[in-house]
Amino acid sequence: MTDMTKPVVAPPGSLVSGDLMQLLYRLSAALLICIILSLLNDSFLSLGNILNVLRQASLLFFIASGLTLVVLTAGLDLSVGANVALSACLAGTVIQHTGSPLLGILTGLLAGGIVGLLNGVMVTALRIPSFIATYGMLWVLNGLTYWYMAGETIHGFPPGFRQIGSGYLLGLPIPVYLLLIFLAIGTAFAQRTIWGQEIYAVGANPVAARLSGIPVSRRLLLVYCVSGTMAGLASIIFLARLNSAEADIGESLTLPAIAAVLIGGTSLFGGVGTVFGTFIGALILTLVLNGMNLLSVNANWQPFITGVIVIVAVWLDMTTRRHKL
Amino acid sequence: MRESAAASPLRRIPGVAVMLALLVGIFGTIAPGFLSPANISNVLLQSTILTMLALPMTLIIMTEGLDLSMGAVVTLTSLAVAIVSLATGSMLLGLAAAIVVGTAFGALNGWLVAIAGIPPFVATLGTLGMAQGLCLIVSDGQSVVGIPRAVRDIYSATLAGLPVPVVVALIAYAAFHVLLYHTRFGTYIFALGGNREALRYAGLSPAKWLIGVYTIGGLMAGIAGLLMTARMNAGHPTAGLGLEFDAIAAVAVGGTSFERGNGWLFGTVLGVIAVGVLRNGLNLLALPSSLQVASVGFLVIVALFLDGLRSRS
Amino acid sequence: MSVAVHETHSPSDNGQEHRDLENQGRGKQTDAAVPLLELRDISKEFPGVKALDSVSFSVWPGEVHMLLGENGAGKSSLMKVLCGAYRADSGEFYYKGEKAVIASAADAQRLGIAVIFQEFSLVPYLDIAQNIFLGREPAGRLPGTIDRRRILRDAKKILDSIGFDIDPSIKVDRLGVAQQQMVEIAKAISQNARILVMDEPTAALSDRETELLFALIARLKADGVAVIYISHRLAEVFAIGDRITVLRDGRRIGEVRPADATPDQLVRMMVGRNIDLSYPRNFAKAPGKLLLEVKGLSAASGISDIDVVVRQGEIVGLCGLIGSGRTELARAIFGADTITAGEVIFDGQRMNAGPDQAARRGIALIPENRKSEGLALLRSAGDNLVVAALRKLFPTGLFEPPRAFATANDLIQRLRIATPSPRQPVGLLSGGNQQKIVIGKWLAAGAKLFIFDEPTRGIDVGAKSEIFALIDRLVADGAAALMISSEQAEICHVCDRAYVMREGRIAGELSRHELTEENIVRLGMHHA
Amino acid sequence: MKPYKGLICIALPLVLSVSLAPAARADGETVAVFTKNQTNPFFQTVRVGADLAAKNLNAKTLHYIPTKPDSIPEQLSQVEDVVVKKPDAIVFTPVDYKALVPGIEKINDAKIPAVNVTDRSAGGKFIAFVGADDYNLGLETGRYLLKTLGGKGSVVIIEGVKGSLTSVDRVRGFNDAIKENPGVKLLASQPGNYQRLQALQVMENLMQSNSQIDGVLAANDAMAVGAIEALDGANRKAQVIGINGTKEAVDAVKSGKLLATGDYNGFAQGCLATMIAIRTLRHQPVVSEIVLKPTIITKDNYQPFDVALEARICPTWDEAAKFATK
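Residue numbers (this note's numbering), protein chains in the order written: chain A, 1 to 325; chain B, 1 to 313; chain C, 1 to 528; chain D, 1 to 326.
Isolated chain A (complex conformation):
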């Protein structure tokens, strides 16, 4: 516990309000960025742009939210991006062949879920560290996707389906509704179900959790499945958004998703973090990119700035959270 890298924290388990402050810090950080941007560029505060940011954040959030649960168990899923790509391609094919969006959506979710399950099996049954297991999975998935797509593009989906990605309802983009829904579901799952509680417990100390009668392996499987399924969901939004599927859509998604989770204050040591935090993390990342586009900052700076934000965010975490022992 005196190990600097593992601060004593009051975690967000149901009985602790300790992380409420953390969320407030983040919200205010996001607000600060908003204020700065609105001062620098008047078109920033336009309703259109805000919705725009939310919609772009939603894509990141769907992937990151599932990932949050994995990180809560002190694990990691590097395969989410590749998973999105494969799921999207499969779902896309199904929609084009059957013409039924519903079947396509089911395919996407199922494919994502199965990949997640395999990850879970590797981590629990084969006892491979999640970091490595999912890294291997990433290559396997890419291989499958490349082989399946053979450099082609699947494009052109029924308008009804594309509404999911680009449609509006009462002036709000549909992805934003989905974002809010899954934010609510995710938070409820983590904070208000015993499964959620057990996941926190597993993350905080797997051995103690097992000896407290928690089915650790099953919870881990669950967590990886959820992560995979959320990737599947994200793949659907992608399809509807881009109206096409390519083998390379996933590539650029994994690290930002992880960054969102970390900026959101979820600890890599497990047991600490919230889905809502991840949402704010995704929001902050998107805000910055959006701002840079609006201010037409040289795109070369984007990775640099993202990197700095990740470090600063987590560093603030550690300093504000660490007990003075």
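Derived from the structure by calculation, the hints contain no laboratory data.
Fair warning: this is a prediction, and the values are worked out from it, not measured in the lab.
Among the hints, a few may not be true.
Every beta carbon over 12 Å from chain B, so not counted as near; a handful from chain A, in silico [stated by the list, open to error]:
1) 41
2) 46
3) 170
Below, simulated DSSO-like cross-link-like pairs (lysine-lysine); rule was C-alpha separation at most 27 Å, straight line [stated by the list, open to error]:
4) B:208 <-> C:80
5) B:208 <-> C:171
6) D:162 <-> D:247
7) D:257 <-> D:293
For every residue, glycine included, the Cβ atom is placed at its ideal position computed from N, Cα and C.
Following the hints, position chains B, C and D against chain A.
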């Protein structure tokens, strides 16, 4: 994680070695020209840059750390070599610049991890972004070419019949072996991962040595940057991206565990070569690239699975 | 002299006081007129807690100074101050009468102070020699390198000097707890420590190993080393202590020589109230129906052909030397280790589906190593208290914080757990309170059979009898307990029956009237 | 592209004759084809073209593609490995036109005849270069868009990967086309890295800061389509052009969503490069450079391009000779 005793290197030797032997056996029989001297030197040559990164990565992982920034930093140092040697016409100045840049990033990583107390994954994920950004900014996305011949010759030249990069890699391995198993620093690296408190009680500052470990990582990235530039005879802003994961995979395949400072340096080298052999063999067989992609994943998973079996028995 | 006198003394008088006390007691070794190390009015405060309140304390060459006190009394804080891990807020140190400063581990080392913690400061994948000389490696020819031959030679010398015959090039992760402790001591000796601080050194040792340790301590005394020895086992205090200092709530209560004190007296000083050492236990009630039945059980962990039964209302002891398979049996019954043969029948049903099934059906395991296996130290007391009861409390699967909070609070009251609030991270609580939380977790879950593995390890007398009272209440209410303990006295006091294990098998069963320490030892011993 | 204008019918017999004629000669050569990645549809068209040409000439192809898209070290390794394997000839698209030069020199040292396709390498010896003129593609498609806009209005450019040869030249073409029309205002020029999603989000953001956008010049089709999705999402209209002439783009042109796409014609590039490689081996006359003339695929002429890749037909050598620029 109750795999304490079994995690000892000795019992792990098979994990990766068996695998490598298997691959060599298979390709040796079915892949034309696989065992030809030219091809063998190819594999070794291609493995050098990764080796230069995987060695320090082993030490970093032994301290229960990670360096995700390595790939990006190598790219940056490679650009530094290109730009400086182009401007000054001197290969050595280029190398110096690369080493300065690399070491600086390594020290930054070390500082963030040891002093600021940021988890290694996060800290180096951040510096990964920073290095990548710098690559684009200094090169504006363009390759840097027209580098003095001297730089390029490093890659093509041979020394005592061995390609220079291979010699460099061998020296690096020897150096790391001595460092890890025969110096105080090496001893403290085991302690950093195995029991950090022990260092404190011994009146040593873990932070200081931890920074040292990451700095060495940066230093090696600097040297690898020279090889990279020499190989391409150019600096390119994306050349080395993703190498860090290859390095981590090699270390893991090589049987170094992510817990309690249990590392095996030679296993790492075997791991690197295994990955290299796999890619090379598949190329010789001219199998569909998609299959090659997947096979890398399988290699990693199977190797780790074998070690898992071993550590449980 | 009577303890009452001491309690009225002010620290400074005490300084005066025990000096002459020593002059009678010390005699042989050294004629130093001043203590080797003296602490005057040391205070250390943490947010909310006064860990040390102007504590004065001194140790002379060639004596074993016992440090007694309940958990949270300030023993470990005092130790951390001694070894420089903490910096005292106020107070002074005197080394051989000279004013000294202990601000860092380095300072402590310079003064020849070495601490042997319960959690060892060894590095698993370095060999014994490297561990002994960590940070003081003999330099080799090249700068930064280590002289391998010399480090091994020196290590061997040290190990021999403490009569520990082992190859110094063996990696520490291959050693058992006792051996690791020997290495720890060797390490301390190698720093030619003049003051050796031991924290519960026998906690994990078998009787034979303990004897070895005591022999070693005797040898160190003879060499004029001062030993500060922290223990909860009164027997030890009287066995090897030259002087006893008692702490309570961060204050020094008094100092006595074993000859002048009785166990009850010490206990009274420690807890400030009377505690009946023969833990209360009413055997009146006849055992109820069969609860646990273990038939021909064997497990990969090294136990074989075990037959055990436990009835409602019983406390059944499980004795034997360390490594005789007691913990392994407990884990196997709980489903934590894979069973290779035989069966476990609980409440009429066959158990075969791992810990979660066992917990659901009503078996509770209170593991020996509560920090690493019993609790999530980063999580709050409340979270830890309800974690095992989630399914029972919220059958719908929906988690209700208020209800969890109430449950936690109720348990905290019932078990008199000292924590500011259920929100307090468990890692910040004392050992006794942590143990209570592990037990409380299972009370919430409504367990019917409690398997205790060394329930009183590292727990002070006060908490001990509280816990035994608790166990008694449990079995009185129809539950049952299977209790592993290395303290035969405890077993004999509280158990209805006891099984004695040897080399992974049941060596025999002792009924209430056969249950004596002699019998336990006889059964547990290896026959030559 | 011109030969396709009604040529298919007569092309068929010619192709047959071409494919039969050399059958007499020693054949079955292997051609190693290097492309940049497995994800970009364009390179698939190159590969299909190469395969078809080889089939017609009774030769076979082996494909080498980096497992990490556009990875320089990997392509270098693949070159080294292939040199060991000694194929009869090589058709080569460098991942980076400068950084791969050492690889090409290795090929030269091994005396393996190589044809440079698509991206013109900055060094090394090649029998020939086959590619399209990125600058003119940009210029022509740009002109076409601006003509449609009536030479006025405000436009945005979405660039490809910064520093990549194709992107630089195409964007240069766009800009020159804009310069020709003083009435046209360039609002912004931002990189979408040839990525659909990035282009889409860049477009969304640009629409926030610019209330009126009449035209979008995208450096490839994927980004053009991404931009269209963004416009749809915001219920805004603008004329969009892309480059490459991928299947998807042709469909978009057909359905009127995309104004036009400049045909980069990877298929023909693949065909011709492979033909040149094989003809060299057979000591048949070859040309040292073929730069395909830019063809704009629009609503009026998309039909010949609206066929599955595999169903397309390689131009005959006689036609190919016509494109020879050197």
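So, going through the hints one by one against the coordinates:
1. 41: holds, 21 Å
2. 46: Answer for residue 46 of chain A: holds, closest chain B Cβ roughly 29 Å.
3. 170: The claim holds: residue 170 of chain A sits with its nearest Cβ about 38 Å from chain B, beyond 12 Å.
4. B:208 <-> C:80: Roughly 22 Å separates the two Cα atoms, so the pair holds.
5. B:208 <-> C:171: Holds, at roughly 25 Å.
6. D:162 <-> D:247: Holds. Residue 162 of chain D to residue 247 of chain D sits at ~25 Å (cutoff 27 Å).
7. D:257 <-> D:293: holds, 25 Å
Checked against the numbered hints given earlier, the structure satisfies every one of them.
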